[in-house]
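If you read the protein sequences in the order shown, they are chains A and B.
Just so we're aligned, residue 589 is where the first sequence starts under the numbering used here, counting upward by one.
Just so we're aligned, residue 514 is where the second sequence starts under the numbering used here, counting upward by one.
One or more hints might be untrue.
[Stated by the list, open to error] Computed cross-link-like contacts, DSS-like style, restricted to lysine-lysine with a CA-CA straight-line distance of at most 30 Å:
hint	chain 1	residue 1	chain 2	residue 2
1	A	K799	A	K675
2	B	K690	B	K521
3	A	K762	A	K799
4	B	K774	A	K692
5	A	K688	B	K647
6	B	K521	A	K762
7	A	K633	A	K675
8	A	K728	A	K686
9	A	K743	A	K695
10	A	K728	A	K688
11	A	K686	B	K596
12	B	K521	A	K684
13	B	K690	B	K774
14	A	K633	B	K521
15	B	K690	A	K695
16	A	K656	B	K647
17	B	K647	A	K686
18	A	K727	A	K633
19	A	K675	A	K686
[What the hints assert, rightly or not] Here chain B is said to cover these stretches of chain A; the calculated rule only asks that three of the stretch's residues, wherever they fall, bring their Cβ under 8 Å from a Cβ of chain B:
hint	region
20	607-617
21	756-762
[As the list claims (entries may be wrong)] Pulled from the structure, derived: some chain B residues nowhere near chain A, Cβ distances all over 12 Å:
hint	residue
22	G579
23	I688
24	V756
25	L758
26	M769
Worth flagging that the hints you see were computed from the coordinates, not collected in a lab.
None of the values given here were measured: they were computed from a predicted structure.
Glycine included, each C-beta is placed from N, C-alpha and C at the ideal position.
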Amino acid sequence: MAIGITLLNFSKRLMTESTAPLASYLEVNQADKTVRLTGAATFRKDALSGILNEEETRGLLWILDEIKAGISVVSCPNPRCSKPDGKVSLELVSSKSKLKPEIKDGKPQFQLGIRPHVHLSEQTCPCDLSPSDMVESLKKLLSQEITQKINLALKKAQEHNCDIMGFGEKINQKYPLYWRENAQEWGEDFPQFPVNIEIDVLLDVTGMNVKPLRSLQK
Amino acid sequence: MNLAKEGKISSRQLIILLVGFLAGSTIVSSSSLGAGHAAWIAIIIGYALGLLLVLLFLILAARYPGQSLFEINTAVFGTWLGKVISLCYIGYFFHLTTLVIRNFADFFNSVAYPETPLLVLIVFGPLMAAYAVKHGLEVIAHSATLLLPFVYLIIVMTFFLLIPEMDFSSFLPVIDKPLRDILLAGLNNATFPFGESLVFLVLIPYLNKPQQIKSSYFFGFTFALFLLLLIAIRNIAVLGATVELFLYPSYEAVRMINIAKILTRVEVLVFGSLYFLGFIKTAVLYYATATGLGKVFNLQSYQTLIIPLGALLILVCKLQFENPLETLDFLPIYTFFSLFFQLFLPLLTLVVSLVRRNNPVKGVR
C-alpha cells in the first residue's frame, strides 16, 4: 500500500503552516534488484522525518479519504467453523471519509466518519455466512480492522511529531481565530488530541453463491 | 475625419468588445497577486471600484454627448492644451498596447515556444491587430463577436473538466491575509483590467446609439466579472495555496485536466484560443492610438499611421522589459501609474469643465 502523491499535492502541503508533506516510499531489494512501493515517507518542513509502513500508510489513506478501491481481508466471523484461520475478503467499491474538527472546552478534537462500501467477494472458511448476524459481524470486523490501522497511523504521527493528517489545516479552515492563537504551538510540537472514529460499513452485494461449496455428508 | 467610412457599432457589439477587452490579458497573468485564495474578493472589489471609475467617465461623457475623449479634451482645455492632454492619453494607450502584446509574447515564449526568439512572437501581435485596425472598428467588433463565444465556451469547459481536481476547502478560512493586501489587490484589479476601459471613451462617436453606453458598460463589466471570477475560482480550487507561486496560474491549472488519462494536455489548444482575447484588446487599443493621433494632428485618415505605429509598438515591446519578471515588478507601479490616467486626468477634465462652464453641447470641433 503506497500513497499517490503529485508534485502539486506535495507543494500544497509544504505551503501550509503545519501539514507535513508526504511522498511514496520505494524500497530497493539489493539481492534481486527489484523495487517495491512499501509505504510513505513523511516530512517535517522539507526534511525527511520518518517512514510509514504499509499498514500505517493504509490507516493514513483512510483518514485522508484517498482509499477508493481495494480488498480488505478479515477473519471468518463464525467461531464454530472447522478451520480456525479462515478468512473472508471484502472488496471495497468506494469509500468516503470525513474529518471534522471541533473545539471542546478550548481543546481541539476530531470526528472522523468513514463510510466504506464493500462487496463480499471471497471466503476461505467453509461456514455459512448467509444469516444476517454473520453479515453484521463481518461489518464489525471490518470496522475494527480499519480502526486499528488508523490508530497505527495516528500513533506514528505522534512518534514522528508531524501532522501528516492535516489536522492543523482543518482547524485553520474552520476555526481561524483559534488557529491564529495556537499555530505557534503546532509548529513546535504536534499536540495530542482525541479522534473519535465512526465507521458505517455498507455491505450490499454478497455474490451469487449463498452457501459455500462442501460435500453433503454430515 | 471621415466617420461614415469607418462605420458604426451597436451597443451589443460594444458589450462584446468590452468583455473581450477586460478579460484580455487578465486571463493569462493574475491581477490579484498578494491576495492568495481571497483573489475572488479582490476581483469583486476591483469590479466595484472600476464601476466608480466608469461613473466618472460617463459623467464626463454625458456633458459632451457623442464626442470622443479627445474632442472632450479640446472642448475643455482649448486647442493646444487639449491636444497635449490628448497626447498623454494616447501615450498611455500606446504603452498599454505594448504591455498586452508583451504579456502574450512572454507567455507563449515561456510555455509553448521556448526556442523561438521573443521578437518573432512579439511581431505577430501587432501584425494581426494592424490588419484589423486598417479595416476599421466594425471589423474588430465583428471578429470579437465571432471569437468571444468560443473563448467563453472554452473557459466554462475547462472549469467543468477540472471539477475532479478541485478542492474547495482551499477557500477556507475566507480571509487569512491582512485586509490591506486584499484591498491593494482589489485596487490592482480596478486599474487592471477594469479601469483600462477608459479607452472606450474614444469609441463614443462610432456608437450608433451613444445613449446606451451606460448599460453597455454595466453589462460588459458584469459579464467580464463572471468570466474573471470563474477563472479565479478554478485556479484557486485546483492549485490551492500554490497559486501564488506561478507566473501563469491559469496555464498551470488547465494543465491538470486529466479525464481518464485520455483527455490530457489540452492546455496549448486552450491558450492558443485565448490569444483571440489578446487580439481583441490589442486591436482596440491600437485603434484608439491610431485614430487619436490622426485627430490630434488633423490628418485626413489614420490609415497612414498604422504601419509606423506598428513598428514602434514592436520596438517598445521588445526594449521595455528584458524578461517576464520585470513585467511582474512593474505591476505594482502600474497600478498607480495608470491611476494618473484613469482617475486624475478625467477628474481634472471634469473639474475644469465644471469651473469653466463652457457650453458643452456646442463644444469645439
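For each hint given before, does the structure comply? Return the numbers of the non-compliant ones in rising order. 2, 3, 4, 5, 6, 7, 11, 12, 13, 14, 16, 17, 18, 20, 23, 24, 25, 26
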